[in-house]
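S.K.: Single-letter residue listing:
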Amino acid sequence: MQRRVTFDSRLLPYLLLAPQVAVTLVFFIWPAANAIWQSVHLQDAFGIRSEFVWFENFTHVLGDPNYLDTLKTTVIFSVAVTVLAMGVALLLAVLADSKIKGASAYKTLLIWPYALAPAVAAVLWMFIFNPDIGSFGRALRALGFDWDYRLNGGQALLMVILAASWKQVSYNFIFFLAGLQAIPRSVMEAASIDGAGPVRRFWTITFPLLSPTTFFLLVVDMVYAFFETFGTIHALTQGGPGKATETLIFRVYQDGVVNNDLGGSSAQSVILMVIVIALTAVQFRFVERKVHYS
Amino acid sequence: MKQTRFIDLVPHIVLIAGVLIFAYPIYVTLIGSTWDAGTIGRGGLPLWPGGEGAANYAQAWVGEAGERAMYTPVRTMMLNSLVMALSIALGKIAISILSAYAVAFFRFPLRMAFFWLIFITLMLPVEVRIIPTYKVVADLGLINTYAGLAIPLIASATATLLFRQFFLTIPDELLEAAKIDGAGPVRFFIDVVLPLSRTNIAALFVILFIYGWNQYLWPLLVTSSGDMETIVTGITKMIGTGESANDWHIIMATTVLAMLPPVAVVVFMQRWFVKGLVDSEK
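The listed protein sequences derive, respectively, from chains A and B. Counting along the first sequence from 1, when you hit position 157 you're at 192 in my numbering, and nothing is skipped either side. Counting along the second sequence from 1, when you hit position 200 you're at 189 in my numbering, and nothing is skipped either side.
Hints are supplied without guarantee of correctness; some may be wrong.
[As the list claims (entries may be wrong)] Derived CB-CB ranges, DEER-like:
(1) A/Val110 <-> B/Asp161: 28 to 36 angstroms
(2) B/Val8 <-> A/Leu106: 34 to 42 angstroms
(3) B/Ala166 <-> A/Val110: 40 to 48 angstroms
(4) B/Leu157 <-> A/Leu60: 40 to 48 angstroms
(5) A/Glu224 <-> B/Ile169: 46 to 54 angstroms
(6) A/Lys136 <-> B/Asp25: 56 to 64 angstroms
(7) A/Asn187 <-> B/Leu185: 38 to 46 angstroms
[Said to hold, decoys possible] Within a straight-line C-alpha distance of at most 27 angstroms, the following computed DSS-like cross-link-like pairs (lysine-lysine) qualify:
(8) B/Lys226 <-> A/Lys134
(9) A/Lys278 <-> A/Lys134
(10) B/Lys264 <-> A/Lys278
(11) B/Lys124 <-> B/Lys226
None of these hints come from the bench; they were simulated from the model. Just so you know, even glycine gets a beta-carbon here, dropped at the ideal spot from N, CA and C.
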């Protein structure tokens, strides 16, 4: 945790820490404390007086059937994005890791989508699946499907799930590939000599040895689906049609920025903070275990 | 020589399918940016390039009025995105390397308290505290400024942890030798620590530049005037509700330009990029 030899200086370490600490206090701690304060207060219409209302904002938010619908959408969305992004990435990584020709070319061609913003990924999908201008969108209509994600909630949810997963595959791919390359070849060769086929080798050796990576990606993808996909949803469906693609984070934005409901939005922010803290705690327990592995 | 069996081709087929799924939307956008709005709007976009490319990019770049609306010129949005991405990346690296140096190389009261204070920011992504953070920025008069775009995002627990981790691997002998030579902490930082951190800085820069360039929710909140628009939020404002009567040719050209800098960084700095990504998540 600490070096044996250090410098002696009374003032310098504080000066070195000052910029980081200042930014943290002003833009992280203070707003977060504010959100917590707001979440237990109710402001009057003019924003002049506020009254301490205990957990009224929370009971209000959690008792709202709309919020519970949003929660349901978020869970469906997050689980679908995580499973899709991880499944596809694992398949591609296992294949790219095998000794095949052009493996490094495949790698380069598969990792660059990481550079795309979630909102840009959404826009690219719109260019293809828009029922008016997109080639696939028009093809679906020509085949007799009533395809229009701007009107049909289920289709809209499918669109944001696919666009969000599409963007996240490359991230998972990079980590799965790194995880696969850390598995000693000798183990695989031994299993191969013992007569285990490729599928059996995968399930009995590769998959268990990859479990730290898998677990880490599970948490990262959940965080991604919860928070970073705001851009995907905002660019593609604006949470609609109706509230079909409204996730928790989109609702905080909607209630706080668009509808200007401070108490309700703050209570939602606090709920989200609890979710992040839980996810981070899970992640760090895992990091401890990873140290154990090596 | 062994004969190629069909089963050996399966991995190639799957990988090529994967590559195509990722490349196809980009290809469509590239092609679309070389046709006129009418062709795209009618849904008859061919699979080969048209002849309007130069005109479309020129029009998007200077932002002269499209057939249907006025847009912020792409050159303005690109400049804003560039300033934001560079400020966030360099700002994060600068304040993180300094605080990691303090935590790793000094012993002082409240050291661990400061460490935990920085650590907590991991749990407070901007998305969960948008309204109060927006209020702070508004009170400081930073709406529609570069400072307002960048500074609230530059505190970084991950970068600090990464540098600290690396600093702990610098041998004590090096520090003792420097002390014997009479080098103080500032000298040691400039002459020894910074040069040793070069690859870490480069790797982090790649990741943080992409992170900064791709910001969405925060720019959406703190910029309201067209001349402070960043390119990623600019595209969605151009699309609006996604009706067929849009200036799709301009939108597609803008999308291509928005993807170019981060994709170029990933492709040309691939080694540093992968290192930065894997390191910063440890």
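S.K.: So, for every hint listed, does it hold in this structure?
M.R.: A quick look at each hint next to the structure:
Range check, A/Val110 to B/Asp161: Cβ separation about 50 angstroms, and the 28 to 36 angstroms hint is violated. Remark: the range hint 34 to 42 angstroms for B/Val8 to A/Leu106 is upheld by a beta-carbon distance near 37 angstroms. A C-beta distance of roughly 57 angstroms is found between B/Ala166 and A/Val110, which places it outside the suggested range of 40 to 48 angstroms. The supplied range of 40 to 48 angstroms is broken by B/Leu157 and A/Leu60, whose beta-carbon atoms lie about 26 angstroms from each other.
Separation of A/Glu224 from B/Ile169 is about 51 angstroms and conforms to the stated range, judged on CB atoms against 46 to 54 angstroms. The given range of 56 to 64 angstroms is broken by A/Lys136 and B/Asp25, whose C-beta atoms sit roughly 42 angstroms from each other. The beta-carbon spacing between A/Asn187 and B/Leu185, approximately 57 angstroms, falls outside the hinted interval of 38 to 46 angstroms. Taking the CA atoms of B/Lys226 and A/Lys134, the gap is about 46 angstroms. The hint is violated against a cut of 27 angstroms.
About 47 angstroms separates the Cα atoms of A/Lys278 and A/Lys134, which puts this hinted pair outside 27 angstroms; it is violated. A distance of roughly 40 angstroms separates the Cα atoms of B/Lys264 and A/Lys278; the hinted pair therefore is violated under the 27 angstroms criterion. With a C-alpha separation of about 23 angstroms, the suggested pairing of B/Lys124 with B/Lys226 holds against the 27 angstroms cut-off.
Checked against the numbered hints above, the structure violates hints 1, 3, 4, 6, 7, 8, 9, 10; every other hint is satisfied.
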